[in-house]
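*Asks:* Here is what each chain is made of, one letter per residue.
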Amino acid sequence: MYALAFGIGTKNARDEWLEVYFPAPLFHPEPALVDTVASVVDYQGGNVDIETDTTRLQTLSQIWSGNSHASLMTQLAKTVRPVVVTILETDGKPQTTPETYLKLHLLSHRFVLPNQQNLDGIFSLLPNVAWTDQGAVDLEEIDQRQLQARMAGTVLEVAAVDKFPKMTNYVVPPGVRIAHSARVRLGAYLGEGTTVMHEGFMNFNTAAMGPNMVEGRISQGVILGAGSDLGGSASTAGTLSGGGEIYITIGKNCLISANAGTGIPLGDNCTIEAGLYITPGVIVQIMDEHKNTVKSVKARELAGQDDMLFIRNSRNGAVECRTNRKAVTLNKTLHGHN
Amino acid sequence: MYALAFGIGTKNARDEWLEVYFPAPLFHPEPALVDTVASVVDYQGGNVDIETDTTRLQTLSQIWSGNSHASLMTQLAKTVRPVVVTILETDGKPQTTPETYLKLHLLSHRFVLPNQQNLDGIFSLLPNVAWTDQGAVDLEEIDQRQLQARMAGTVLEVAAVDKFPKMTNYVVPPGVRIAHSARVRLGAYLGEGTTVMHEGFMNFNTAAMGPNMVEGRISQGVILGAGSDLGGSASTAGTLSGGGEIYITIGKNCLISANAGTGIPLGDNCTIEAGLYITPGVIVQIMDEHKNTVKSVKARELAGQDDMLFIRNSRNGAVECRTNRKAVTLNKTLHGHN
Amino acid sequence: MYALAFGIGTKNARDEWLEVYFPAPLFHPEPALVDTVASVVDYQGGNVDIETDTTRLQTLSQIWSGNSHASLMTQLAKTVRPVVVTILETDGKPQTTPETYLKLHLLSHRFVLPNQQNLDGIFSLLPNVAWTDQGAVDLEEIDQRQLQARMAGTVLEVAAVDKFPKMTNYVVPPGVRIAHSARVRLGAYLGEGTTVMHEGFMNFNTAAMGPNMVEGRISQGVILGAGSDLGGSASTAGTLSGGGEIYITIGKNCLISANAGTGIPLGDNCTIEAGLYITPGVIVQIMDEHKNTVKSVKARELAGQDDMLFIRNSRNGAVECRTNRKAVTLNKTLHGHN
Numbered sequence: 005m006y007a008l009a010f011g012i013g014t015k016n017a018r019d020e021w022l023e024v025y026f027p028a029p030l031f032h033p034e035p036a037l038v039d040t041v042a043s044v045v046d047y048q049g050g051n052v053d054i055e056t057d058t059t060r061l062q063t064l065s066q067i068w069s070g071n072s073h074a075s076l077m078t079q080l081a082k083t084v085r086p087v088v089v090t091i092l093e094t095d096g097k098p099q100t101t102p103e104t105y106l107k108l109h110l111l112s113h114r115f116v117l118p119n120q121q122n123l124d125g126i127f128s129l130l131p132n133v134a135w136t137d138q139g140a141v142d143l144e145e146i147d148q149r150q151l152q153a154r155m156a157g158t159v160l161e162v163a164a165v166d167k168f169p170k171m172t173n174y175v176v177p178p179g180v181r182i183a184h185s186a187r188v189r190l191g192a193y194l195g196e197g198t199t200v201m202h203e204g205f206m207n208f209n210t211a212a213m214g215p216n217m218v219e220g221r222i223s224q225g226v227i228l229g230a231g232s233d234l235g236g237s238a239s240t241a242g243t244l245s246g247g248g249e250i251y252i253t254i255g256k257n258c259l260i261s262a263n264a265g266t267g268i269p270l271g272d273n274c275t276i277e278a279g280l281y282i283t284p285g286v287i288v289q290i291m292d293e294h295k296n297t298v299k300s301v302k303a304r305e306l307a308g309q310d311d312m313l314f315i316r317n318s319r320n321g322a323v324e325c326r327t328n329r330k331a332v333t334l335n336k337t338l339h340g341h342n
Numbered sequence: 005m006y007a008l009a010f011g012i013g014t015k016n017a018r019d020e021w022l023e024v025y026f027p028a029p030l031f032h033p034e035p036a037l038v039d040t041v042a043s044v045v046d047y048q049g050g051n052v053d054i055e056t057d058t059t060r061l062q063t064l065s066q067i068w069s070g071n072s073h074a075s076l077m078t079q080l081a082k083t084v085r086p087v088v089v090t091i092l093e094t095d096g097k098p099q100t101t102p103e104t105y106l107k108l109h110l111l112s113h114r115f116v117l118p119n120q121q122n123l124d125g126i127f128s129l130l131p132n133v134a135w136t137d138q139g140a141v142d143l144e145e146i147d148q149r150q151l152q153a154r155m156a157g158t159v160l161e162v163a164a165v166d167k168f169p170k171m172t173n174y175v176v177p178p179g180v181r182i183a184h185s186a187r188v189r190l191g192a193y194l195g196e197g198t199t200v201m202h203e204g205f206m207n208f209n210t211a212a213m214g215p216n217m218v219e220g221r222i223s224q225g226v227i228l229g230a231g232s233d234l235g236g237s238a239s240t241a242g243t244l245s246g247g248g249e250i251y252i253t254i255g256k257n258c259l260i261s262a263n264a265g266t267g268i269p270l271g272d273n274c275t276i277e278a279g280l281y282i283t284p285g286v287i288v289q290i291m292d293e294h295k296n297t298v299k300s301v302k303a304r305e306l307a308g309q310d311d312m313l314f315i316r317n318s319r320n321g322a323v324e325c326r327t328n329r330k331a332v333t334l335n336k337t338l339h340g341h342n
Numbered sequence: 005m006y007a008l009a010f011g012i013g014t015k016n017a018r019d020e021w022l023e024v025y026f027p028a029p030l031f032h033p034e035p036a037l038v039d040t041v042a043s044v045v046d047y048q049g050g051n052v053d054i055e056t057d058t059t060r061l062q063t064l065s066q067i068w069s070g071n072s073h074a075s076l077m078t079q080l081a082k083t084v085r086p087v088v089v090t091i092l093e094t095d096g097k098p099q100t101t102p103e104t105y106l107k108l109h110l111l112s113h114r115f116v117l118p119n120q121q122n123l124d125g126i127f128s129l130l131p132n133v134a135w136t137d138q139g140a141v142d143l144e145e146i147d148q149r150q151l152q153a154r155m156a157g158t159v160l161e162v163a164a165v166d167k168f169p170k171m172t173n174y175v176v177p178p179g180v181r182i183a184h185s186a187r188v189r190l191g192a193y194l195g196e197g198t199t200v201m202h203e204g205f206m207n208f209n210t211a212a213m214g215p216n217m218v219e220g221r222i223s224q225g226v227i228l229g230a231g232s233d234l235g236g237s238a239s240t241a242g243t244l245s246g247g248g249e250i251y252i253t254i255g256k257n258c259l260i261s262a263n264a265g266t267g268i269p270l271g272d273n274c275t276i277e278a279g280l281y282i283t284p285g286v287i288v289q290i291m292d293e294h295k296n297t298v299k300s301v302k303a304r305e306l307a308g309q310d311d312m313l314f315i316r317n318s319r320n321g322a323v324e325c326r327t328n329r330k331a332v333t334l335n336k337t338l339h340g341h342n
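Protein chains in written order, with the working numbering: chain A, 5 to 342; chain B, 5 to 342; chain C, 5 to 342.
Derived by calculation from the structure, the hints in this document are not laboratory data.
Each hint should be verified, as a subset may be incorrect.
The list makes no distinction among identical chains, and a pair is therefore deemed to hold if it is satisfied within one copy or across any two copies.
What the hints assert, rightly or not - Cut-off 25 Å, straight-line C-alpha distance, at most; resulting in silico cross-link-like pairs (SDA-like, lysine to any residue): (1) K82 with Q152; (2) K97 with R326; (3) K82 with E55; (4) K15 with P178; (5) K82 with M155; (6) K330 with I250; (7) K15 with G179; (8) K97 with R85.
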């Protein structure tokens, strides 16, 4: 059994799910618990969403009387919104909107790392939604809702029109700081001690293992290793648009400086100087300790290596790679009190 | 007749308009419709704003009984806020706040493209406003409103202090995604299939013709052609501050990669590599197919040409332009379900 | 006497301050006023926070009857939240959360410039807080609050999880524009005529002296001189993470162009071309008026000098510094109506 979770969701006028919030998803749930749920909601196996009702939730609350699951069931029984139980027997290709939302929750709840679960085809399962201060609104209804708000002397705040919601309205992981939550999508994995500053960005299916300082952009599929610092506006090439086809991983204790970027994976203790973008096709001069060129290679041949320091020679414009002698140390004051 | 629209607005204590929301502006409206409005609101010609009242709105609702205009009139008749009808006989220089707001709406409703209508002097017509969760607030009242909210145990959310509001609280065009709406001003033109990611920015009087992936900044006056991809933090030089005096246009199927930028207009199928900024004065080495320099020119002489690939030679730091052999193809998955 | 202020704050379930809003802080208050407060709230000297009550606030209101302090006391007496009076005899090292909040207010109210007051150790005094549309929420309570909101059919908007709040929910200084307030922290000093665009960022303990166009990032400790323009995504190296140990100051009438950056302080009338990052260790060719190299130095040796124009030679990749002949002039239309 891959995962099981109870969620509260929003549906549009055509009874289609717009989004689902799973407050306490279970990863690899205990068989006994699954059996109990199965008997109450009539689960027959497979990956399914089962809408449930007050009676069944109260039954589960009584069965689990006294433990934390019971408390959640009691609360869910009182909601005015539709409640769904999503049960994933396997990590198969997602088939529904609630299933997709559950998998994004699993990432943000730190149950799985990026690229570890099947997310094939989720773009077509995630409806494009207006995210407003009245909750998720179907795009066919948005004009009328906006007009109604204005007539009442208020404004409908439309914070985004997107397939993905912001993470913090679903999951607030412990031990992190997120200076501006609009830039972290549900499905991001923020490890303990991660700080995402205002300029930081984390797409779905990304990770900052923590502790990390994230002031740059972590593209879909990219993992930032422990102790690494992604500078302001620093870019990690993704696979969805513009970038290549290999997933980028940044190792531990790396520094991608401000306005820099990488299109190749990096090992541990690597530094890219401010303003330099290492694309896979860049010709890099490998320098010895006397600053003489040993050989020149395409950057992609250096993928994943440790202890590299990349600079652009300010006398002659050549991109150089030296051995990195100064490992990065994150400012403990900044991360010590998350 | 250039445009006609009914709007709901906010006024300050001095009876001045702070902002106006026009739910369904009409561009080049039919003469018969204009005549009807003119007779009811006593319009005598020219470019004017006429505040109207419940009685007149109900009269129009009866005259138009059964069509969509009638429905809007019925709803506007019920609003608690002041209602204005703005009638622009010509595309003259804007004279009032409602007129300016109407012209910005025309752009976001895709009636006109950037640089096609007269927006001279609008900065002095747009009051600087605190955009809050209680609507638009005059800056002279903001301190007291903030204190009152705190006294009541709440917080007045001041999302911006600016002359321009965010587009999505006024217009949500169909077939687009906007990951973070605070970065798209009213007056932006987003064509069908446009995705503006979290790092994307569109000023007023800009266009993404659609489909487009916008992860960079589109400065005032700039148009991004169909199929083009503006990478993360990519910059297009504007004319308002810092940039030069010519409007930048990016052609079709271009890729301005992450952290790159352009200060010259580009034709179709152009690419600028990640991290490279092409300012008008940059000396560019024009390369032939054997990678030999044919000649060197200032970038501004290349303005508007097609099929250019710009890179900075990573061996010697020279900025080079080759013929672009690989046209960009946007990821269909990303844009197919807007 | 350094400062005195009455604030309304939020406490968590353990009676600890999460944040304090000081609507009208007094800097170097008059001795007579301090004496009055001292007698009513029983102040014995030193730097202290004294929680007060309705009776004392009403007493002060009567004593000050008729002046603006009286009006504030009357209003504070009615609040449902706890009220504190924070009195700082000296600019000592902060000891409490209210004290820290008061010092951040002093910056945003333009009473002090960055680096002028003692902010040692404030990271440990500022609790990490969920900033929501229901106000500041303790992180231990956030999951339950989120669930409760969903059960009620609403969403708890968690805008940030951070130690610092956004400035505009505490202070809206006169004569500024802030296109997107999430990117300006409490503790930023925005001088008259400052415009912070969507891509601009100002940390706590930063200043834009005004008038300024801020489209880039002002790191903690950095001051931007009057008339200077910080381009889109332009970076100023801070001391907290990634940068060096010297505070960066940018002089008057400078232009740090889009996607550029500086790791050294600059004097007046300096320009850095788009996309170029001047780190302290960069070797810079000093050019004469005939564009011949006079000498080459490390950028840090140029720290604080006036009239420098930095470019990267587009023929050979060398970083060059010439005498800047064209001082920047900010667009008066943009700033004239703040």
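*Asks:* All the hints need checking, so say for each whether the structure fits it.
*Replies:* Tested hints:
no.	hint	in the structure
1	K82 with Q152	between (28 Å within a copy, 10 Å between copies)
2	K97 with R326	neither (43 Å within a copy, 42 Å between copies)
3	K82 with E55	within (15 Å within a copy, 39 Å between copies)
4	K15 with P178	between (30 Å within a copy, 20 Å between copies)
5	K82 with M155	between (32 Å within a copy, 7 Å between copies)
6	K330 with I250	between (28 Å within a copy, 19 Å between copies)
7	K15 with G179	between (33 Å within a copy, 20 Å between copies)
8	K97 with R85	neither (27 Å within a copy, 50 Å between copies)
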